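4 protein chains.
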Amino acid sequence: MLLLEFSMSPLGKGESVGRYVSRSLDIIDRSGVDYRLNPMGTVLEGNWDEVMGVMKRCFEAMKKDCDRISVSVKIDYRKGYRGRLGSKMASVEKRLKRKLKS
Amino acid sequence: MLLLEFSMSPLGKGESVGRYVSRSLDIIDRSGVDYRLNPMGTVLEGNWDEVMGVMKRCFEAMKKDCDRISVSVKIDYRKGYRGRLGSKMASVEKRLKRKLKS
Amino acid sequence: MLLLEFSMSPLGKGESVGRYVSRSLDIIDRSGVDYRLNPMGTVLEGNWDEVMGVMKRCFEAMKKDCDRISVSVKIDYRKGYRGRLGSKMASVEKRLKRKLKS
Amino acid sequence: MLLLEFSMSPLGKGESVGRYVSRSLDIIDRSGVDYRLNPMGTVLEGNWDEVMGVMKRCFEAMKKDCDRISVSVKIDYRKGYRGRLGSKMASVEKRLKRKLKS
Numbered sequence: 156m157l158l159l160e161f162s163m164s165p166l167g168k169g170e171s172v173g174r175y176v177s178r179s180l181d182i183i184d185r186s187g188v189d190y191r192l193n194p195m196g197t198v199l200e201g202n203w204d205e206v207m208g209v210m211k212r213c214f215e216a217m218k219k220d221c222d223r224i225s226v227s228v229k230i231d232y233r234k235g236y237r238g239r240l241g242s243k244m245a246s247v248e249k250r251l252k253r254k255l256k257s
Numbered sequence: 156m157l158l159l160e161f162s163m164s165p166l167g168k169g170e171s172v173g174r175y176v177s178r179s180l181d182i183i184d185r186s187g188v189d190y191r192l193n194p195m196g197t198v199l200e201g202n203w204d205e206v207m208g209v210m211k212r213c214f215e216a217m218k219k220d221c222d223r224i225s226v227s228v229k230i231d232y233r234k235g236y237r238g239r240l241g242s243k244m245a246s247v248e249k250r251l252k253r254k255l256k257s
Numbered sequence: 156m157l158l159l160e161f162s163m164s165p166l167g168k169g170e171s172v173g174r175y176v177s178r179s180l181d182i183i184d185r186s187g188v189d190y191r192l193n194p195m196g197t198v199l200e201g202n203w204d205e206v207m208g209v210m211k212r213c214f215e216a217m218k219k220d221c222d223r224i225s226v227s228v229k230i231d232y233r234k235g236y237r238g239r240l241g242s243k244m245a246s247v248e249k250r251l252k253r254k255l256k257s
Numbered sequence: 156m157l158l159l160e161f162s163m164s165p166l167g168k169g170e171s172v173g174r175y176v177s178r179s180l181d182i183i184d185r186s187g188v189d190y191r192l193n194p195m196g197t198v199l200e201g202n203w204d205e206v207m208g209v210m211k212r213c214f215e216a217m218k219k220d221c222d223r224i225s226v227s228v229k230i231d232y233r234k235g236y237r238g239r240l241g242s243k244m245a246s247v248e249k250r251l252k253r254k255l256k257s
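Chains as they are written, first to last, in my numbering: chain X, 156 to 257; chain U, 156 to 257; chain Y, 156 to 257; chain B, 156 to 257.
Possibly wrong hints are sitting among the right ones.
Just so you know, same-sequence chains aren't split out, so a pair can sit in one copy or run between any two.
Taking lysine-lysine and the DSS-like style, the derived pairs with C-alpha atoms no more than 27 Å apart in a straight line are [said to hold, decoys possible]:
hint, residue 1, residue 2
1, K243, K219
2, K256, K218
3, K249, K234
4, K219, K168
5, K243, K254
6, K168, K249
Think of the hints as simulated: they come from the structure by calculation, not from any bench. This structure is a prediction, so every number in the text was calculated from the model and none was measured.
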């Protein structure tokens, strides 16, 4: 299983791109793949084809009305681990023995 | 004000790097700069010198016992906006008229 | 056509990971997809499935002997443009009326 | 010494942002810090304050006429190594016993 964080924005659609970002989140939220939204991107958990498939659907939707698109992606694969959307942060809090802002 | 997300990991310290990541989170949490932790990084909000200063302190601490370090950073600056650690996600949920996972 | 830059490294294989990076470059170089190597990653040019296919092959090869893998990816899609592996830099040099280091 | 790759673009200035990117490259090229331009960003080599200082000057210049700016940064620090703008690629070519496209 892997964690994949991505953010995807159109260039040339003005300074406010919330309309396009919301459409991606709609696709992600309906995909069945587990995720967490944060202020700078969305983190998905699944195998390579699952998470890449969701990202591609977001890209295909954005391409329909956006001629230039930037995507930023970060992947953390770890063999034999799952449920890391929650456990990675819990592990840091356990080490520090206090709650962090999330 | 800008949002800066970063993640910082040592190479050559084995597969589990939670010990080093926790030390960074301790620095961030005590810095006074507002932040949100997510499974793939930490998002800080502040001006350039504030957020870069926190990141540099994390780097200086990690350098003490790590000889190779990777850092990944993403910045979203928007003039005249603040409080976006919460408002960016709220704005997407408002458009979609439902709660998302965060 | 899109440009995709990526870098992929194992965690837990020590500080020197050139052996694994070289194997990826071998895959990329034999893929038939056009690319340029730089000190921090490799930039591919092609359509979504082509460039993602190459990246997946690199990932599958690395997974064979690496249990934790980090990948960093950046995509720049621009409708109707191709040959940007060379033209993006040429355009900057033309504006500045001098050669840059590349 | 560290390698830092970054790309910086305004949002809300249309699809073509070469004018702003060229201004950054002018700052980088005159900075005295060694660098290599590639189709997706610029890689600088120096210590933390040097490379961050150049990136900040680019940001300050872009802020003057851009109200929303995205920056993507990747850092590879390795204690005791320098000259890696050239040597990282040479090392891959040596392992593969052939020239790669760069």
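Verification of the hints:
1. K243 to K219: between (36 Å within a copy, 24 Å between copies)
2. K256 to K218: between (35 Å within a copy, 25 Å between copies)
3. K249 to K234: within (22 Å within a copy, 31 Å between copies)
4. K219 to K168: both (13 Å within a copy, 20 Å between copies)
5. K243 to K254: both (13 Å within a copy, 23 Å between copies)
6. K168 to K249: Only across copies: K168 and K249 sit 20 Å apart there, 43 Å inside one copy, limit 27 Å.
Taken one by one, the earlier hints all hold for this structure without exception.
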